[in-house]
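Keeping their order, the protein sequence lines are chains A and B. Counting from 60, one number per residue, gives the positions in the first sequence under the working numbering. Counting from 60, one number per residue, gives the positions in the second sequence under the working numbering.
Source of the hints: derived by calculation from the structure; they are not laboratory data. This one's a predicted model, so the numbers in the text were calculated from it and none came from an experiment. Careful: at least some of the hints might be erroneous.
Just so you know, same-sequence chains aren't split out, so a pair can sit in one copy or run between any two.
With a Cα cut of at most 20 Å, we get these calculated SDA-like pairs of lysine to any residue [to be verified]:
{"#": "1", "residue 1": "Lys353", "residue 2": "Leu546"}
{"#": "2", "residue 1": "Lys63", "residue 2": "Lys181"}
{"#": "3", "residue 1": "Lys602", "residue 2": "Arg454"}
{"#": "4", "residue 1": "Lys260", "residue 2": "Gln74"}
{"#": "5", "residue 1": "Lys602", "residue 2": "Phe457"}
{"#": "6", "residue 1": "Lys303", "residue 2": "Ser233"}
{"#": "7", "residue 1": "Lys353", "residue 2": "Glu579"}
Residues per chain are reported as follows:
2 protein chains.
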Amino acid sequence: MNLKRYLPVLQWATQYNRGQATSDLIAAVIVTVMLIPQSLAYALLAGLPAQVGLYASILPLVVYALFGTSRTLSVGPVAVVSLMTAAALAPLAEIGTSAYLAGAVLIAVMSGLMLTVMGVMKLGFLANFLSHPVISGFISASGIVIATSQLKHLFGVQSSGHNLLDIGRSLAESLNDTNLPTLLVGGGALLFLLWSRRYLKPLLRKLGLAARAADILTKTAPILAVLATTLVAWALRLDEQGVKLVGTVPSGLPSFTMPSLDPALWSQLAVSALLISVVGFVESVSVGQTLAAKRRQRIDPDQELIGLGTANLSSGFSGGMPVTGGFSRSVVNFDAGAETPAAGAYTAVGIALATLFLTPVIAWLPQATLAATIIVAVATLIDLPALGRTFRYSRTDFGAMLATILLTLVHSVEAGIIAGVALSIGLFLYRTSRPHCAVVGRVPGTEHFRNVLRHDVELCPKVTFLRVDESLYFANARFLEETVMDLITREPELTDLVLVCPAVNLVDASALESLETINERLRDAGVRLHLSEVKGPVMDRLKDTELLCHLGGRVHLSTYEAWQALTNLSPA
Amino acid sequence: MNLKRYLPVLQWATQYNRGQATSDLIAAVIVTVMLIPQSLAYALLAGLPAQVGLYASILPLVVYALFGTSRTLSVGPVAVVSLMTAAALAPLAEIGTSAYLAGAVLIAVMSGLMLTVMGVMKLGFLANFLSHPVISGFISASGIVIATSQLKHLFGVQSSGHNLLDIGRSLAESLNDTNLPTLLVGGGALLFLLWSRRYLKPLLRKLGLAARAADILTKTAPILAVLATTLVAWALRLDEQGVKLVGTVPSGLPSFTMPSLDPALWSQLAVSALLISVVGFVESVSVGQTLAAKRRQRIDPDQELIGLGTANLSSGFSGGMPVTGGFSRSVVNFDAGAETPAAGAYTAVGIALATLFLTPVIAWLPQATLAATIIVAVATLIDLPALGRTFRYSRTDFGAMLATILLTLVHSVEAGIIAGVALSIGLFLYRTSRPHCAVVGRVPGTEHFRNVLRHDVELCPKVTFLRVDESLYFANARFLEETVMDLITREPELTDLVLVCPAVNLVDASALESLETINERLRDAGVRLHLSEVKGPVMDRLKDTELLCHLGGRVHLSTYEAWQALTNLSPA
Chain A
60 MNLKRYLPVL QWATQYNRGQ ATSDLIAAVI VTVMLIPQSL AYALLAGLPA
110 QVGLYASILP LVVYALFGTS RTLSVGPVAV VSLMTAAALA PLAEIGTSAY
160 LAGAVLIAVM SGLMLTVMGV MKLGFLANFL SHPVISGFIS ASGIVIATSQ
210 LKHLFGVQSS GHNLLDIGRS LAESLNDTNL PTLLVGGGAL LFLLWSRRYL
260 KPLLRKLGLA ARAADILTKT APILAVLATT LVAWALRLDE QGVKLVGTVP
310 SGLPSFTMPS LDPALWSQLA VSALLISVVG FVESVSVGQT LAAKRRQRID
360 PDQELIGLGT ANLSSGFSGG MPVTGGFSRS VVNFDAGAET PAAGAYTAVG
410 IALATLFLTP VIAWLPQATL AATIIVAVAT LIDLPALGRT FRYSRTDFGA
460 MLATILLTLV HSVEAGIIAG VALSIGLFLY RTSRPHCAVV GRVPGTEHFR
510 NVLRHDVELC PKVTFLRVDE SLYFANARFL EETVMDLITR EPELTDLVLV
560 CPAVNLVDAS ALESLETINE RLRDAGVRLH LSEVKGPVMD RLKDTELLCH
610 LGGRVHLSTY EAWQALTNLS PA
Chain B
60 MNLKRYLPVL QWATQYNRGQ ATSDLIAAVI VTVMLIPQSL AYALLAGLPA
110 QVGLYASILP LVVYALFGTS RTLSVGPVAV VSLMTAAALA PLAEIGTSAY
160 LAGAVLIAVM SGLMLTVMGV MKLGFLANFL SHPVISGFIS ASGIVIATSQ
210 LKHLFGVQSS GHNLLDIGRS LAESLNDTNL PTLLVGGGAL LFLLWSRRYL
260 KPLLRKLGLA ARAADILTKT APILAVLATT LVAWALRLDE QGVKLVGTVP
310 SGLPSFTMPS LDPALWSQLA VSALLISVVG FVESVSVGQT LAAKRRQRID
360 PDQELIGLGT ANLSSGFSGG MPVTGGFSRS VVNFDAGAET PAAGAYTAVG
410 IALATLFLTP VIAWLPQATL AATIIVAVAT LIDLPALGRT FRYSRTDFGA
460 MLATILLTLV HSVEAGIIAG VALSIGLFLY RTSRPHCAVV GRVPGTEHFR
510 NVLRHDVELC PKVTFLRVDE SLYFANARFL EETVMDLITR EPELTDLVLV
560 CPAVNLVDAS ALESLETINE RLRDAGVRLH LSEVKGPVMD RLKDTELLCH
610 LGGRVHLSTY EAWQALTNLS PA
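Can you make the complete structure from the sequences, with help from the hints?
Pasting the structure below:
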């Protein structure tokens with residue numbers, strides 16, 4: 060049983076049948092066709108040689124098929140993670156050096172280790188700290204940065220930078236050197252891809268294809284652009300016109316790569332690897348969950364960490380780059396009918412064949428074509444209307460989202476994501492540090508108690524019922540002290556104060572001390588402190604404490620009980 | 060009115076009378092006598108020349124009297140802040156250099172700026188993030204580190220280090236060089252102080268003094284130790300025996316000091332200055348609040364930030380060191396009858412007179428005596444039984460406390476406090492990320508609903524009432540999705556699911572998206588989603604959202620209403 064939990068392959072492989080194998084094979088062929096240009100393009104985006112993208116699309120897919128829990132997730136290089144890899148490596152080494160390549164391998168290995176350890180320790184909940192608005196803002200902003208970073212390849216100029224300001228400045232300076240043949244190839248590819256995205260599917264439908272087939276074929280349009288521009292580049296010897304090609308790619312399967320063991324490098328890359336791990340995991344799990352829900356399957360987030368972790372380890376040790384589950388590929392895999400993770404393993408075979416036999420062709424592929432495929436792919440990531448939706452619902456969530464977007468655009472991806480997480484947590488703590496407190500009264504003739512400011516309720520002058528709408532913990536412990544002391548200075552006749560606690564899910568040690576302080580101060584002021592509607596788990600904790608031993612008043616099961624007991628004691 | 064808020068001096072100075080002046084003067088004399096050795100000792104602890112401690116006890120006291128809201132807080136150098144200052148400066152400069160002194164001045168100025176800005180922006184709540192167990196553990200551990208760091212002065216040896224391991228190792232190596240006359244002076248002072256702490260008060264009572272007078276006189280015992288050992292050092296020319304004395308102290312009032320404007324230095328000290336600010340503020344406010352509560356006065360935490368901020372600014376600009384409200388001094392000030400902050404200003408005059416006329420005497424004071432006063436003072440800070448109390452109440456709070464203590468002891472004060480804050484926040488988020496959820500049923504014959512696992516309640520097979528005992532926000536949004544999906548896979552007959560929300564104080568944008576997802580998935584599964592007991596502020600927010608437009612079921616005011624409506628629709 061336990062083995063099945065850690066090796067999900069055992070859950071499906073034993074009942075694997077020919078029908079599933081056929082479906083998986085068809086999906087694998089389609090995904091392979093889609094993954095070849097993507098893996099080359101994302102290697103380019105990360106500043107790495109083209110073959111690194113291919114290497115990262117072989118072993119990781121096989122390993123994920125063994126350890127992953129999603130039936131249809133397609134693992135490999137993805138845009139946002141590639142951008143983050145490039146940003147992490149920029150301060151360490153020049154693109155094209157062996158140190159740069161070694162850094163990418165190390166990030167994959169470190170990220171793999173981190174994810175695997177998090178999975179074994181069941182720390183998947185850590186990913187929850189990336190709130191939806193932050194991750195959505197981050198991905199939109201990254202998409203914008205990625206798209207602009209590819210313009211240099213489209214124009215055939217040199218430029219650098221990892222945020223919008225640097226890229227823009229650098230691009231503006233170099234645009235005079237635009238290489239016309241490059242722009243023609245890249246622009247042509249871009250226009251074709253944009254056209255195909257909108258018109259290819261209707262065209263294929265008109266030609267008689269079924270909706271699903273038309274949909275899938277449309278998504279493989281990039282391979283057409285790749286083939287066409289490669290052919291043009293070869294026929295016209297475009298390299299002699301200054302068009303940058305992918306160039307010589309070593310042919311053959313990846314070999315074992317030993318990652319650097321330099322502790323200084325490990326500590327320099329630690330934060331980046333952690334961020335890449337978490338962002339990659341969150342992206343991958345949300346794709347996986349969406350697809351699983353459609354077929355009423357489940358994925359196990361902790362085991363997903365192990366699946367992605369081992370995939371990254373295998374990527375690093377085979378000379379690849381960081382990988383995760385990609386959105387568009389996984390959707391194609393799902394739509395093409397993949398039924399088990401075996402489809403991923405078959406895709407790996409497809410990519411392995413490409414590294415063995417297609418490298419002479421790939422050498423003639425213009426970089427501008429890859430840039431065009433990246434731009435079209437990331438355009439779908441950018442969701443700016445989400446800003447408006449979030450703004451209307453919650454100003455604090457909007458604040459965290461906007462900070463993430465702005466910092467990602469003008470500073471760096473890492474600053475963006477860190478600021479987003481810190482702000483989400485900080486704003487949440489701020490909100491809970493000034494909890495909503497309401498004096499409540501009895502809804503006449505019922506056992507219900509409601510806020511005196513919102514409802515027409517009965518009150519009792521000597522007894523105040525104060526409902527605290529928040530768990531009591533360190534961040535609001537002092538606030539509660541202040542609220543209660545304010546209340547009793549305003550109502551000199553008070554003899555009893557009832558804290559109504561149905562919304563108090565936790566009383567931590569700081570709040571316990573504050574409640575003891577409140578109890579003592581109230582006793583000095585001649586007021587008894589009562590509690591009512593204390594939740595079971597909270598009561599279990601409070602049972603043996605000083606607070607209950609010295610409580611001026613009593614603990615009442617319900618507020619109505621307290622009302623009956625206290626309004627009888629001191630009739631209004 | 061507004062001016063009075065920012066200049067609390069206006070609240071009391073206009074009605075200041077002779078009676079108050081007399082009380083304040085008496086308190087000031089006693090506090091001055093206590094503050095002279097303390098200010099010298101804490102300068103020594105911070106690795107600074109003796110006069111810096113005196114300078115920090117003049118202007119800051121006057122400024123706090125103008126801007127502070129506590130009537131009896133005694134501002135000046137304190138042990139924990141001095142230790143943190145030394146730890147912050149250690150990597151930057153050698154003790155005794157002008158760079159070291161400039162660093163201390165800059166920390167005071169930066170900390171002053173930070174506190175003042177936080178006060179003006181009403182960011183006092185930030186201090187809440189230091190939970191009680193963390194601050195208590197931090198102060199205990201700092202006390203231990205401070206006490207051991209003073210042993211070198213007691214033995215007259217060289218040693219260094221800012222954590223227990225380094226100090227211990229360094230001390231063990233140098234203990235062979237112990238200077239016997241130093242040990243005799245220091246040991247004698249230590250024994251006298253320990254004796255006076257236990258036996259001086261009873262003795263004074265026997266001699267006929269009133270309880271309060273005996274108490275106060277006991278607390279000024281350090282000045283007796285200072286006078287006696289100074290006299291011995293002078294009479295026996297102990298400096299020629301290798302006893303380290305305070306030495307020549309420039310006589311005269313402090314002069315204006317321009318802090319360094321080097322941006323590199325500012326950024327190096329920023330984190331330290333922030334930690335010193337927050338720790339100093341928390342310590343000071345809790346002392347101030349305790350004393351204020353005894354006389355039914357109030358202090359305003361945001362204005363306290365301004366009071367302490369301006370005090371630190373004035374300390375820095377007059378060549379002093381970081382200051383805050385000290386516990387023991389403030390208690391003495393309170394007990395000695397201080398009625399207004401004027402007592403602080405009078406104390407400042409006392410210290411100013413000391414810098415003018417007492418420096419020739421101070422020059423003969425043995426450092427070992429100061430070390431003895433520090434050891435005795437910080438011994439009262441160490442509260443190890445708090446560890447046991449916290450352990451019994453809450454394992455998570457205990458974890459944060461223990462981490463703070465251990466890291467402070469074996470690594471550094473900054474690591475300790477940062478780990479404590481990070482762990483408190485992390486553990487809180489972890490606890491809320493897996494909220495307590497309970498299926499509830501009706502307590503027969505009532506309108507109350509309780510956990511089916513804890514109470515004997517009525518259920519309805521096709522309707523499940525799920526109570527969520529936590530605010531819904533990013534950290535637990537995904538958990539809710541999983542819980543609900545688990546529930547409906549376990550109960551295939553389900554037609555209606557009611558989320559009972561009396562403990563849901565907040566639904567943020569992430570949770571809103573999750574609720575929308577849950578609603579859609581439930582609809583696909585043929586289950587209607589209902590909400591009940593939604594709090595007013597939460598309902599206000601949800602009103603205009605997609606969720607309520609597309610909700611499968613309805614929003615019920617009370618759970619009983621939902622019960623009536625749904626159990627009629629589908630009779631059990």
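Alpha-carbon proximity between Lys260 and Gln74, which holds within one copy, between copies, both or neither at 20 Å: This pair counts as neither: shortest intra-copy Cα distance 36 Å, inter-copy 86 Å.
Intra- versus inter-copy proximity for Ser233 and Lys303 (alpha-carbon distance at most 20 Å): within (16 Å within a copy, 68 Å between copies)
Status of Leu546 relative to Lys353 across identical chains (alpha carbons, at most 20 Å): Only across copies: Lys353 and Leu546 sit 18 Å apart there, 53 Å inside one copy, limit 20 Å.
Homomeric proximity label, Lys63 with Lys181: Cα distance no greater than 20 Å: Result: close within a single copy only, 16 Å intra versus 55 Å inter.
Lys602 and Phe457: within-copy, between-copy, both or neither at 20 Å Cα: between (41 Å within a copy, 18 Å between copies)
Alpha-carbon proximity between Lys602 and Arg454, which holds within one copy, between copies, both or neither at 20 Å: between (40 Å within a copy, 16 Å between copies)
Up to 20 Å CA-CA - Glu579 versus Lys353, copy category: Answer is between: at 11 Å across copies they meet the 20 Å cutoff, but 57 Å inside does not.
Of the numbered hints stated above, the single one contradicted by the structure is hint 4.
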